[in-house]
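Per the UniProt record's numbering, the very first residue in the sequence shown carries number 1; after that it's consecutive.
Bear in mind the hints are in silico, worked out from the structure with no lab data behind them.
Each residue gets a CB set at the ideal place from its N, CA and C atoms; glycine is no exception.
Some clues are possibly wrong.
To be verified - With a straight-line Cα cutoff of 30 Å, these simulated DSS-like cross-link-like pairs (lysine-lysine) come out:
{"hint": "1", "residue 1": "K871", "residue 2": "K814"}
{"hint": "2", "residue 1": "K773", "residue 2": "K301"}
{"hint": "3", "residue 1": "K583", "residue 2": "K573"}
{"hint": "4", "residue 1": "K264", "residue 2": "K583"}
{"hint": "5", "residue 1": "K465", "residue 2": "K871"}
{"hint": "6", "residue 1": "K573", "residue 2": "K61"}
{"hint": "7", "residue 1": "K61", "residue 2": "K866"}
{"hint": "8", "residue 1": "K583", "residue 2": "K790"}
{"hint": "9", "residue 1": "K833", "residue 2": "K814"}
{"hint": "10", "residue 1": "K465", "residue 2": "K790"}
{"hint": "11", "residue 1": "K264", "residue 2": "K301"}
{"hint": "12", "residue 1": "K370", "residue 2": "K833"}
{"hint": "13", "residue 1": "K583", "residue 2": "K871"}
{"hint": "14", "residue 1": "K790", "residue 2": "K773"}
Unchecked claim - Simulated restraints, written as ranges between beta carbons of each label pair:
{"hint": "15", "residue 1": "I598", "residue 2": "G447", "range": "51 to 57 Å"}
{"hint": "16", "residue 1": "P627", "residue 2": "R670", "range": "49 to 55 Å"}
{"hint": "17", "residue 1": "A872", "residue 2": "R148", "range": "15 to 21 Å"}
{"hint": "18", "residue 1": "Q610", "residue 2": "D1061", "range": "51 to 57 Å"}
{"hint": "19", "residue 1": "A615", "residue 2": "R670", "range": "26 to 32 Å"}
{"hint": "20", "residue 1": "P815", "residue 2": "L166", "range": "38 to 44 Å"}
{"hint": "21", "residue 1": "I598", "residue 2": "G887", "range": "28 to 34 Å"}
{"hint": "22", "residue 1": "A157", "residue 2": "H1055", "range": "32 to 38 Å"}
{"hint": "23", "residue 1": "H176", "residue 2": "R710", "range": "55 to 61 Å"}
{"hint": "24", "residue 1": "E169", "residue 2": "G275", "range": "25 to 31 Å"}
{"hint": "25", "residue 1": "A720", "residue 2": "D683", "range": "24 to 30 Å"}
{"hint": "26", "residue 1": "D516", "residue 2": "A720", "range": "18 to 24 Å"}
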Amino acid sequence: MSGKQPQDWQQRLQAVDAAASYLVQAPAGSGKTELLTDRILALLPTVERPEEVVAITFTRKAAAEMHARVMHKLAAARGPAPDAEHARRSWQLARAVLEHDARQGWHLLDHPGRLTIQTIDSFCAGLVRRMPYLSQLGGMPATVDDARPHYQAAARATLALADHALLGEPIRTLVHHLDVDLAATEALLADMLASRDQWLPLLGSMASAFDAEGLQHDRELLEHNLQAVVIEELQALSDAMPFGWYHELAPLARQSAELLEPEKPGVLTALAGWGDVPLSCTPQALPQWQALQTLLLTGGKLRSPRGLNKNLGFPPGCAHKEAMALWLDQQGVDPLAEWITRLAAVHTLPQPQFDDAQWRTLAALLATLKLAAAQLLVRFAEQGEVDFTEIASRALDALGQSDAPSELLLRLDARIRHLLIDEFQDTSQPQIDLLGKLTAGWQPGDGRTLFLVGDPMQSIYRFRKADVGLFLAVRDHGVGEIAPGFLALTDNFRSQAGIVDWVNQTFVRLFPAHDDADSSAIAYARSAAFNAALAGDAVSFHPVWRRDDGSAAMDEAQQVLALVQQALEADDKGTVAILVRAKNHAYRIARRLAQAGIAHRAVDLVPLAQRPVVADLVQLTRALAHPGDRLAWLCVLRAPWCGLTLHSLTVLCGHDHASAVPSLLQHAPRLDELLPGQRARLDAVLPILLDERNASGTLPFAAWVEQVWRRLQGPAIYAAARDAVDAERFFQLLDTLAPYGALDPAELETALAKLYATPDPAANRVEIMTMHKSKGLQFDTVILPGLHRKAPPDHPPLLRLEVTQGRLLLGPIKPLAERDADPVSRYLGERNKRRAAYELDRLLYVAATRAKRRLHLVGELAISSKNGEVKAPQSSSLLARLYPVLGPQTPPAELHGAVAHAGPAAPPAFTFVPQAHLPPQAELTSAEPAFGRFELVGASVEAITGTVLHAWLERIGIDGLAAWPASQLAAAQAQMQRQLQRAGLAQHEAGTAAQVVHDALLATMNDERGRWLLGQPARREWRLVDAAGKVAVIDLALQTDAGWLVVDFKTARPHDDETGDAFAARMQKQHAGQLASYAALLAQLTGQPVATALYLPRAGMWLQAGFSA
């Protein structure tokens, strides 16, 4: 029996006290999910219904994992107690739940959906569904992950109001300020709408842009806020200055100012009257502080005593120079002191007043943003869909106020007894507001608790509007009326002691010394290693050397490959993760691994368009869409299914640059000049490529492209399972973009750029992902390449905005043609840069703490071509942050001479189908058209009818029930018959089948459950591909709090002499295998429970199965 206890065992014991509220800081590897699930188990025996315990996290994956972990513990509690101490504690908690479950009759193991563990978005959507009239949405609209088209449409609609007599003036002012660049203005407005939850609640309380008195009040308020922040900055600087600084510096500064004034007036003038007292911390003292910065610093660093010269008021032989040099020498012991950093930033502090020009622009911005937000609501109403930001906002509206709660809030207050929030370090102000409303009126000891858990050292989602300062604010001041106790975990159960020790030593130096909510600064909290150290180096740095003239002496991708091979050989079951800062850092590494034959998963890294199967399909699609697309046709002829050489292409098309390639192929005046093998290859594919049987559009365009691809042996050429998945995703996209042809190549390229290739399902040991994606994961070996790469540039938004301690700070952007930013915006930009720097350190911490056994750091170092010295890394790179910790690096001796250049990567091999494997020409030309991916020719009447029915159900689900009254549906019956005929049915069969489709649709729309299904936001006609490459199409899939519900529509109804029970049994037996395969495939994809149901509208039946793991 293992008796080892973690050092923080008392805090962990406190955390499961069901009577108390806590905020828990859980560093990397500290077992946060284990603690959360134990807390849930501890709370369940205290409630009458399991729904009274609500756990909220930020991703579906995390919610599914937590749900599965709780259910696993409950199932394990039916067996004997485990030996391990921590496992036995969980077993005891789960055992108590099962006993309470038996008394209450919950049957949680049979009904896991009663456990309320969901995402914050799902929770907010549930609030809106419960009280749609309070949320002002009138019902539950569809939610979209990518609402950018709506933001752009609202921005265009706003700019269209520029000529409006009343509303147009601020828009015209804004457009003029941005140099009449309408495209840039539209893009900037769209960006601001994406983050409107940050600024819209604050602008909502502001006066109308057309009320001069109200605007003056707003101006004074904003200037007051700015002044308060400037005072706080100066006070923090004054507090950080060295002991006795003003006694020693004031007389020296006065003398320098007096000596310098005649020759360089204004440089140190502000210090001429400085008495032996600290400088004031008011905005009026800004010139003095800025003059002091000039005196003491150069280039943001402490000035060297050698830099004291006549240009600073220290002429040769002056009496005060030696005293100043001595003071600088004493302070040089700590060149990274906080006061130096703060003094270096003092030049960015603005005077806290807007001039009239600034305010005129700012007022125009505010008014335009309000109008854009209103236009976005109009757009949402027209389209019947919203973004998650709108759902969260309306959820807050539905709850009312704590002093005037809505009916929904009162009901929730009675239902929710315990609230748990995961990843609390990534919360935002709207979520804090939601939490405050949900817990309004809660008091200590009243049986209701709040449990918040997170790690501010892992807060890395500022781009998603997360504010780590809120974690600190709740820790210090509570949330709403609740002041949770604070618990700090310390033990790391993930990493070996060598890694934990290195992380402690490194990040205590990188992180700031003190927490500061205002600047998102988080001090480092040391961890204690639970696991012993392993033999060998736990952390290694592998420099990749190059000359500063750009010539590479080594190949970083090759270095990473060697480390991967080393890790796989050292541990035949170990896992390896390659974590990159940005997606484009991974492409070369992924190619090198593939060339070496190492299976790997590239998670959302490789663009779908870069996969060979998709690249060939894109060119085939473009060629079939337009005979004049010469490049696409040449690519098709060059592709593996044909494999013409460059010489052959020149023979066929090089003499005529004006004619379309299909015309040249049809007449082929130079066909006889091809080599025999090349001629045979072309003869095999020409009948397929020039087939015009679909010229009238009998088949949907995507179906025709796929049929041509199949006849060209595309699936045989690209036979891997992931190729089938990627090809299917391409056909789905083509279905959406060009269902009836008329493809826009630019639109296809844009849409493809947003999609990523499917990871290799066979790769389970090596993964490549971004550092952000790796959060919450762990691997035996972690490799961090590209540490030398610099950060991307900051793109200033339309409006610099910051909310700090309840104060709103605003600063307008500069005109697009001007180089200098507005002073206030520049200052807010510097504050944002400071926060970004702190978050960069936290991102590095997240990446480093994924490693269990070994951590490898890889980065380029440049050797000076002048003196052979190693140059410092780019200041904005991760390597620059680590470099002081890594210590001096010495390049290999051979690199001091001539550099051995790394050779260029080998070009991809030219591949094609061997001629012997080409099917006979007759076999290729005799293929009959197929309807899309369902191969309907020759299929049964029932199958074809079902396919058309599913297509109509999908259309009605998208359009909404209101768009399809019974009369409209009856009028569409002729269209249904045409579709059935095109799918392969004879005219007399199509008429009967069209009636079946119409009747099934009408029965669905007249049935309460059918209307509910059509009205839900769901995945319809969802095409999934299994590991063997087989495509499964799910009619309808709903995501619920308990998991997924898969619904399969059937048109069957009982025979004349068949009872309802017999019919139900026959249907269940007939379709059980199909439903089981859907459930298994979706469960494997999402990791969530899946329930299945048959819906037979013509029979009025709903046959549902339970949830399966």
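Verification of the supplied hints:
Under the criterion of a C-alpha separation no larger than 30 Å, the hint pairing K871 with K814 is inconsistent with the structure, at around 36 Å. Among the hinted pairs, K773 with K301 is inconsistent with the structure: their alpha-carbon atoms are about 36 Å apart, more than 30 Å. Of the supplied pair hints, the one linking K583 and K573 holds, its CA atoms being roughly 27 Å apart against a limit of 30 Å. Of the pairs offered as hints, the one joining K264 and K583 is violated, with about 51 Å between alpha carbons and a cut-off of 30 Å exceeded.
Between K465 and K871 the alpha-carbon distance is near 36 Å, which puts this suggested pair outside the 30 Å criterion. The straight-line distance between the Cα atoms of K573 and K61 is roughly 25 Å, inside the 30 Å bound, and the hint therefore holds. Between K61 and K866, the direct Cα distance comes to roughly 53 Å. Violation of the 30 Å bound is thereby established for this hinted pair. Taking the CA atoms of K583 and K790, the gap is about 14 Å. The hint holds against a cut of 30 Å.
For the hint linking K833 to K814, the alpha-carbon distance of about 18 Å falls within 30 Å, and the restraint holds. Only pairs whose Cα atoms come within 30 Å are accepted, and K465 paired with K790 is accepted, the gap being roughly 23 Å. Only pairs whose Cα atoms come within 30 Å are accepted, and K264 paired with K301 is accepted, the gap being roughly 23 Å. Among the hinted pairs, K370 with K833 is consistent with the structure: their alpha-carbon atoms are about 27 Å apart, no more than 30 Å.
With a C-alpha separation of about 26 Å, the suggested pairing of K583 with K871 holds against the 30 Å cut-off. The hinted pair formed by K790 and K773 meets the criterion: a straight-line CA distance of about 19 Å does not exceed 30 Å. As the Cβ distance of I598 to G447 is approximately 56 Å, the hint placing it in 51 to 57 Å holds. Taken as a hint, the range 49 to 55 Å is violated for the pair P627 and R670, whose Cβ atoms sit roughly 19 Å apart.
The hinted range of 15 to 21 Å is not satisfied by A872 and R148, whose Cβ atoms lie roughly 39 Å apart. Checking the proposed 51 to 57 Å range against Q610 and D1061 shows it holds: the Cβ atoms sit about 55 Å from each other. Between A615 and R670 the C-beta distance comes to about 28 Å, which sits within the given range of 26 to 32 Å. At about 25 Å, the beta-carbon gap between P815 and L166 misses the expected band of 38 to 44 Å.
At about 32 Å, the beta-carbon gap between I598 and G887 stays in the expected band of 28 to 34 Å. Between A157 and H1055 the C-beta distance comes to about 57 Å, which lies outside the given range of 32 to 38 Å. At roughly 57 Å, the beta carbons of H176 and R710 sit within the given window of 55 to 61 Å. The hinted range of 25 to 31 Å is not satisfied by E169 and G275, whose Cβ atoms lie roughly 51 Å apart.
Taking 24 to 30 Å as the suggested C-beta distance range, the pair A720 and D683 conforms, at roughly 29 Å. Our hint of 18 to 24 Å for D516 and A720 is violated, since their Cβ atoms are close to 51 Å apart.
This entry does not satisfy hints 1, 2, 4, 5, 7, 16, 17, 20, 22, 24 and 26, going by the numbered hints stated previously.
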